[in-house]
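**Student:** Sequence order for the protein chains is A and B.
Those letters in the first sequence? Residues 99 to 300, by our numbering.
Those letters in the second sequence? Residues 99 to 300, by our numbering.
Simulated from the structure, these hints should not be mistaken for laboratory data.
One or more hints might be untrue.
A pair holds if it fits inside one copy or across any two, identical chains being indistinguishable in the list.
The calculated lysine to aspartate or glutamate pairs, modelled on EDC-like cross-linking and capped at a C-alpha distance of 20 Å, are [unchecked claim]:
1) LYS212 <-> ASP226
2) LYS198 <-> GLU259
3) LYS142 <-> ASP285
4) LYS240 <-> ASP167
5) LYS211 <-> ASP226
6) LYS133 <-> ASP151
7) LYS236 <-> GLU259
8) LYS237 <-> ASP167
9) LYS240 <-> ASP161
10) LYS237 <-> GLU259
11) LYS240 <-> ASP199
12) LYS181 <-> GLU298
Only a predicted model underlies this, so the values are computations on that prediction, with no experimental measurement involved.
Residue strings, one per chain:
Number of protein chains: 2
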Amino acid sequence: MILCDIGNTSYHFLDKDRSYKEDVNLFNPNSITKKIYYICVNHKVKLVLDKLDNWIDLSENIDMKNYYDSIGVDRIFACEAIKNGVIVDAGSAITVDVVKDGIFDGGFIYPGKKAMSECYKGISSALDYEFNFSLDLKKLPKNSQDSISYGYLKNLHTEVESYNLPIYLTGGDSCEFIKIFPNATIDEMLIFKGMKKIIETI
Amino acid sequence: MILCDIGNTSYHFLDKDRSYKEDVNLFNPNSITKKIYYICVNHKVKLVLDKLDNWIDLSENIDMKNYYDSIGVDRIFACEAIKNGVIVDAGSAITVDVVKDGIFDGGFIYPGKKAMSECYKGISSALDYEFNFSLDLKKLPKNSQDSISYGYLKNLHTEVESYNLPIYLTGGDSCEFIKIFPNATIDEMLIFKGMKKIIETI
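Using the sequences provided together with the hints, build the complete structure.
**Tutor:** Right under this line is the structure:
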């Protein structure tokens, strides 16, 4: 069974235990003839896949009653993977989704590390710092680098911790964010786990 | 006594009870011959004022031991105005500063409304929404507009409220942020109050 999670920049494949990525602009989905279960947030790719019989869109098998229309399908499948917890998907945006007793409780969207850093820099060159992920979140800062790091990270930290639920970290910046969520579990397979669960229901 | 708070875009004057602004690029500080006490975060303007005897820089009268070098002088003077409280200055950036028993306890910097809105939009056109300042911060959202509004506002709200101190709102976007801090006091004269206090010590 081959699974594929398609984002704006890459196809992320799981072929048995092997996980690998292909560039969205370079990979030709016609090059695979085996059956592939996929989810896709990329509208351009979706139009191509709709014409290929061996590419099966799993999003059609989701019971949408607990979600909302414009939510990204990748968020839905990550939620489907867990029973109780907060999922922090730290990519270009950070999506935070809460699942209680297997039901999506809501979520929010926060800027990713790169976007937020550019945001501060755009306000003033005096705010052009790398974020300090090792800062002490228990103490109000008294220097410029920590002032923006605290603004970005403490607020997110407080909210995510407030749910008192297990925290699952996924996405490209997981390794940075684990520093502020040391008790979190990094799980890059979350979406694939959700996909496998949904396949079992078909 | 004339007071002037100079930012990146304008001279903000207080002449007795009359408060008015002049454009930084159009106003000629030579046109005033009376004595003026000022603070200035604008380096270009500062160079001009340094040559004028009637413009007196109040920042030199601050005891810096509780602040830090790179903090904006406007933040210092707002802090000097109060004894206990949180100052939320909502402009192009949002600065949040905590004062306890007349001493600066630290602070942080968060993106202003416009910068944060552009930040979300830059990540994806699907996140191009106005912030909903009237959203219910007690409930995780289930729609896109509230997902980014919650990400922006709830995190800030939780942090600012956590200090259990009186909240003072100042800056151009005060009227929006009062919606999420309904118990706050809007005070556009905070910096001038701090300036008057420092003048008394000279």
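**Student:** Each hint: holds or not?
**Tutor:** Quick rundown of the hints versus the structure:
1. LYS212 <-> ASP226: both (12 Å within a copy, 18 Å between copies)
2. LYS198 <-> GLU259: within (15 Å within a copy, 26 Å between copies)
3. LYS142 <-> ASP285: Classified as neither: same-chain Cα gap 28 Å, cross-chain 50 Å, threshold 20 Å.
4. LYS240 <-> ASP167: between (43 Å within a copy, 9 Å between copies)
5. LYS211 <-> ASP226: both (13 Å within a copy, 18 Å between copies)
6. LYS133 <-> ASP151: Classified as within; 8 Å inside a copy, 81 Å across copies.
7. LYS236 <-> GLU259: Both ways: LYS236 and GLU259 sit 13 Å apart in one copy and 15 Å across, limit 20 Å.
8. LYS237 <-> ASP167: For LYS237 and ASP167, the Cα distance is within 20 Å only across copies (18 Å; inside one copy 40 Å).
9. LYS240 <-> ASP161: Classified as between: cross-chain Cα gap 15 Å, same-chain 49 Å, threshold 20 Å.
10. LYS237 <-> GLU259: both (17 Å within a copy, 15 Å between copies)
11. LYS240 <-> ASP199: Between copies, since 17 Å is at most 20 Å while 42 Å is not.
12. LYS181 <-> GLU298: within (16 Å within a copy, 62 Å between copies)
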